[in-house]
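> These are the residues of each chain, in order.
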Amino acid sequence: MSFDIVITTDRTMMTNHHGKEFLGFVATGPPIGVPEWLWLYITAPKPKVDELGRPVEAPYGLRKVEAALIEAGFKAAIIDPDHLDKYADTAKILMIGHHDYFAYGPPSSEWWSLTGVEPVNRRSFIRLMNSPAVRKMKSRGVKLIVGGPAAWQWLYELELMEKWGVDTIVDGEGEKVVVDLAEKALRGEELPKYVYVGVDNAPSVDEIPLIKGASVNGLVEIMRGCPRGCKFCSVTLRPLRFIPLNKILAEVEVNIRAGVKGVILHSEDVLLYHADGIKPRPDPIIRLHEEVLKKTGPKGSFAWAHASLAAIKYAEENYKLISKLMHEYVLNEHRRLLGVEVGIETGSVNLARKIMVAKSAPYPPERWPDVVEDAFRIMHENLIIPAATVILGLPEETAEDVMKTIELIDRLKPYRSIIVPMFFVPMGALKKNKWFLRDHLRLEHVEALKKMYEHTIYWAEDIMKIYMRGLQYAPVKFLLKYFMSYVKRKVNKYVSKLEEIVKK
Amino acid sequence: MEPISHRSRVYKRPRHVVVVVGVPDESIVKELNTYLASHGREGLKLIIATREPSSRVLEALRDFLLSNIAFTIEVYSVSYERLREIIGGEGGLVKIFASSGVCGELPEDLAAKVCGR
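Chains as they are written, first to last, in the numbering used here: chain A, 1277 to 1780; chain B, 144 to 260.
Derived from the structure by calculation, the hints contain no laboratory data.
Backbone N, C-alpha and C define an ideal beta-carbon position, used for all residues, glycine too.
Some hints could be false.
[Claimed, not checked] Label-pair restraints from in silico Cβ distances:
#  : chain 1 : residue 1 : chain 2 : residue 2 : range
1  : B       : 232       : A       : 1526      : 43 to 49 angstroms
2  : B       : 246       : A       : 1366      : 45 to 51 angstroms
3  : A       : 1764      : B       : 185       : 54 to 60 angstroms
4  : A       : 1314      : B       : 248       : 37 to 43 angstroms
5  : A       : 1475      : B       : 223       : 30 to 36 angstroms
6  : A       : 1464      : B       : 259       : 30 to 36 angstroms
7  : B       : 181       : A       : 1686      : 47 to 53 angstroms
8  : A       : 1672      : B       : 246       : 42 to 48 angstroms
9  : A       : 1439      : B       : 181       : 36 to 42 angstroms
10 : B       : 256       : A       : 1366      : 53 to 59 angstroms
Could you put together the complete structure from these sequences and hints?
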């Protein structure tokens, strides 16, 4: 069997991270203290594939592109990067998607900037592009189309685009445009070098296809877009759409049929599913959890991709919704926690007003630090473990702003969580601003980095005990522990070095 | 190509076509920004005719492309030969810009059409 259109990505994306999504974060770092192959084993093991090289689980974004192409009548499939050679002589179009092609996104760019060591995801992607299978396809004149959330990064790597023979860069929601591009490519028509998919070409809810194969760790989208309008974020530029419950459940079933029992509800703010503006409504959220968890059964793992701290506080304080969801639906002897990514971004009210005025809504930005702490307390009490981000180097940030962030991190010490620093990357409405790099660090930034490191190390072992239960995780747990002890040994030396650099 | 059996999702191709001859310079990028602000809603197909590699074209347009967060934009990089066909037959063509210095290096027939000589 052959496919006209082969869709793929590199190993750091084409993996289920041992079923532990948070390990995906580690794949964005440079391999420090361990050889690269071991780093890849820890963070990005090879997935199961069928005899055609199709992975059982694949990134959700690629699944949507695959579904749109199949429904349009094309012979298209996602193929694992190790199996591309099977199609090197027959494919007509190669489509590649990625979250972070060149490690310019957060948090890769920051690990890279801090350590000076090239992150694994970038190395892995470069290896894919230089692989014999991809080179052979290009030498045969296969059209190469790249896209995904990191498409913008190609505009900073134009020499590589030329060298590798990329025909088209697609930035934006791909479901409609990929069909048009595939038709053009197969007819031998001229392809655009670059396409930005505007709001007018964003698919409606009815036009978003159901995935045809399982997604990584059972991720399913429950809404697209975000109403909060934070200036540093690209998702907020997209129109807000709620995916109907029957479509969500249909995708959960696709995953279950493929043997993926868990579910990650994907949204920029899970609690805003069918919300009243930015105020969560209990009924749709409860129904969503009830129905999804009925499908997965008591043993299926469950997580939220993202939630906002303001929505967590509002939902609990007004409806006791968080405790209800956790104790009546989520938690049991098999599911002992719920993981979620949340954004703190800053502890400064001043900066919050400038760049994320609605992130605290329905509370005023003046109350942002309290909103953060209250939400952390609520999560701690209900066994929700957040991986929180803080952005350093936002445009217009002052030393005082960073000090406020440090104060807030101190207040969060009692709450079980991971806090990950991110250097500002120009995205969203701030796309034209400058990157924040190691050379821009000031002493207060180093202090903030240290605080976040101390917080995360303080909680990491406790979290790992609950997050990675079972003998099957013993080797990964052992390696992570080794890595943590390595970091502990090195960090003081490294902080002193950073302080010296800053003082110079 | 095999017939497409099912087309429920139709991509709206940009309605307006703007041609730039030569690698866009600062003044052309300024004009493009103005044009996008007033007509971008229906999408913009930007055809750059040049002998330079397409990476050079995208580099010149990088800030313009990154500052757009709303409208559909397609960028094509074409040869002067293809430019002749486009000027003759592209539907929706609304504007032709020539970047500074390019008129001197164009073949006569194209210079007449693009630079009005």
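> Run every hint past the structure and note whether it holds.
Results for each hint:
1. Checking the proposed 43 to 49 angstroms range against residue 232 of chain B and residue 1526 of chain A shows it holds: the Cβ atoms sit about 46 angstroms from each other.
2. Distance hint check: the CB atoms of residue 246 of chain B and residue 1366 of chain A are about 47 angstroms apart, consistent with the given range 45 to 51 angstroms.
3. In this structure, residue 1764 of chain A and residue 185 of chain B meet the distance hint of 54 to 60 angstroms, their C-beta atoms being roughly 58 angstroms apart.
4. Distance hint check for residue 1314 of chain A and residue 248 of chain B: the Cβ-Cβ separation is about 56 angstroms, which falls outside the suggested range of 37 to 43 angstroms.
5. Distance hint for residue 1475 of chain A and residue 223 of chain B: a CB-CB separation of about 34 angstroms, consistent with the stated range 30 to 36 angstroms.
6. Checked against the hint of 30 to 36 angstroms, the pair residue 1464 of chain A and residue 259 of chain B passes, with Cβ atoms roughly 35 angstroms apart.
7. For residue 181 of chain B paired with residue 1686 of chain A, a C-beta distance near 51 angstroms keeps the hint of 47 to 53 angstroms intact.
8. Separation of residue 1672 of chain A from residue 246 of chain B is about 43 angstroms and conforms to the stated range, judged on CB atoms against 42 to 48 angstroms.
9. Between residue 1439 of chain A and residue 181 of chain B, the C-beta spacing of about 37 angstroms keeps the proposed range 36 to 42 angstroms intact.
10. Distance hint check for residue 256 of chain B and residue 1366 of chain A: the Cβ-Cβ separation is about 43 angstroms, which falls outside the suggested range of 53 to 59 angstroms.
Hints 4, 10, counting from the list given before, are not met by this structure.
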